[in-house]
Amino acid sequence: MRTSTEKLINYIMLSFFAILVLAPFLWIATIAFKTQIDIMMMKIIFKPTLFNFDKLFFSKEATFFRDIFNSLFVGIISTLIILIVCSMASFTMIRTKISNWITAVLFLWVIVFHMLPPITFVGSWFQMANSVGLFNSRIALILAHVTVNLPLGLLIISSFMRDVPTEIQEAAYIDGCSNRQVYLKVMLPLLGPGLFATAVIVFLFSWNDFMVAMNLTAKATQTVPVSIATFSQQYEVRYGEMAAGSLVSLVPALILTFFAQKYIVKGLTAGAVK
Amino acid sequence: MNTKDKSWKILSLIPIIAVLVILTLVPLVNIFYNSFFDIRWDDGKYNYTYIGLENYIELPNNKFYLPGLINTIKLSIFAVFFQMLFGFLIALGISKIKRGKGFFISLFLLPILLPPIVIGSIWRLMYGFDFGIFNYLLSFFGIFPLDWLGSSSLAFTSIVIVDIWHWTPFVVLLLLAGLESLPTDVYEAARVDGTSGWNEIIYITIPLMIPTIIVTMVFRFILSFKVFDEIYLLTQGGPGTSTEVISFSIYETFFESDNMGLGSVMSVVSLFVVSLLIIIVLNVIRRVNKYAN
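Sequences listed follow chains A and B, in order.
If you're matching positions, the first sequence starts at 1 in the working numbering and goes up one per residue.
If you're matching positions, the second sequence starts at 1 in the working numbering and goes up one per residue.
Isolated chain A, as found in the complex:
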């Protein structure tokens, strides 16, 4: 890419694709601020209104505050569990002497599970939750999200774990640290960025999940995506609220992408193919 024409063509191509990515979001953003009539009349110039947001949050049958709480609650707890479970396991599997076959079997099973369609498991989770009285509880959804996102968590944390220099660990052993102490006092602090990258990605995937949440929750425990989907299923599609709800649900991803773009890129690449 040396001549300035080539550079120009390149920027034009990238901008073209960038517009293709952005345009749908701009379109839904305008819908969110339109009245139902303006939406139907396809008005390009319109008077922005907060009517849809008002209805979304404050109408009599509105549940959106509770939905957001449910999503945050499930997302944060399941992310914390994944961080603890995966960092412990990853340390033992990669950085201590244990039988190779244990590591191999665990990693293989995690990778295979990651590729299987989750719907094939949701039916059983539903039955299991029902039989222990956990249907429509946040606990069932938290456990399901831990399971679905565990492979990604393990793969990302493990790839960061491999990057920690072994010398530091050996020095700690010489100072008389046990594996438990090395994990707690040496590895966890050094893994900070890796844990952060994992947390961001796993939280977003939990926040975004629709399919598992729809099947394991009912009205009181439904998450934001489930709530958004219901706007399209009543007698009339409530486009305005659907757009407003969608816009609100984009906030975590936008904030996290803005502040943690580098970590997300590194994490997603690490979690993809290894």
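Be careful, since some hints might not be right.
[To be verified] Keeping only pairs whose Cα atoms sit at most 30 Å apart, straight-line, the calculated DSSO-like set for lysine-lysine is: (1) A:219 - B:226; (2) A:7 - B:96; (3) A:262 - B:98.
Everything labelled a hint here was simulated from the structure, so no lab data went into it.
All of these numbers come straight from a predicted model, not from anything done at the bench.
Put chain B on the given structure of chain A with help from the hints.
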């Protein structure tokens, strides 16, 4: 290695093994077991009636499953082809620029990180027959409004377009990581020889990238089998079975028709098909990595 250390090792693996056994292995066994029963929800409990292979025999007659399986494979092939094509172009473009790299990467990350249900909502609004943006734009060219999601000839294409839009960024990310780890000395040598930009791409970049391209492609192909959210919101598998996919058939049978036995059979068969593909994929990845090293 003292005993305290050993017990810590065991302790640290117990949680992950517990999750994997209870929430992935037990469900597998459960699905397999279910597939031989007729299951009804009565009086607050499940009533199982053993019916042998009847669910399996019934599966080919099911209106949705086989068309869904064929559609899923078709969708994966078409969508992944275009994702690779656009993904390579974009990744190559981003790798060549110096200014605004972070901006473009953030932007192209968005579709992967946003709720798929929102992507479904957005496209549903855009595809709308009466007040969607596509038909609005077409009207300027005097073209009659198209029924993007409601006509059986167009609905599948509409879904493929959404999938391409949704997952091309993922391909960009993986290919960009590959492009940036390519050895720079080859390029410098080519530059000394006076190779032009296009020749550089065709004769150096693409051959060096082939391992990454193959791995990304097969990985993306397998993951496309998970597609559900957009189908749910956009077409519910219709019209007819034109956009039916396996995940949706399983959901419908298990949760909407409450036919847990048949739903389990669908799950078993889907797991079998995808597992076969995974074995092929893991082999391909291993061979490619061997070749690359």
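Pair hint residue 219 of chain A and residue 226 of chain B, alpha-carbon separation not exceeding 30 Å: 25 Å, holds
Taken at face value, is the distance from the CA of residue 96 of chain B to the CA of residue 7 of chain A at most 30 Å? 8 Å, holds
Does residue 262 of chain A pair with residue 98 of chain B here, judged by a C-alpha cut-off of 30 Å? 16 Å, holds
In this structure, every one of the numbered hints holds.
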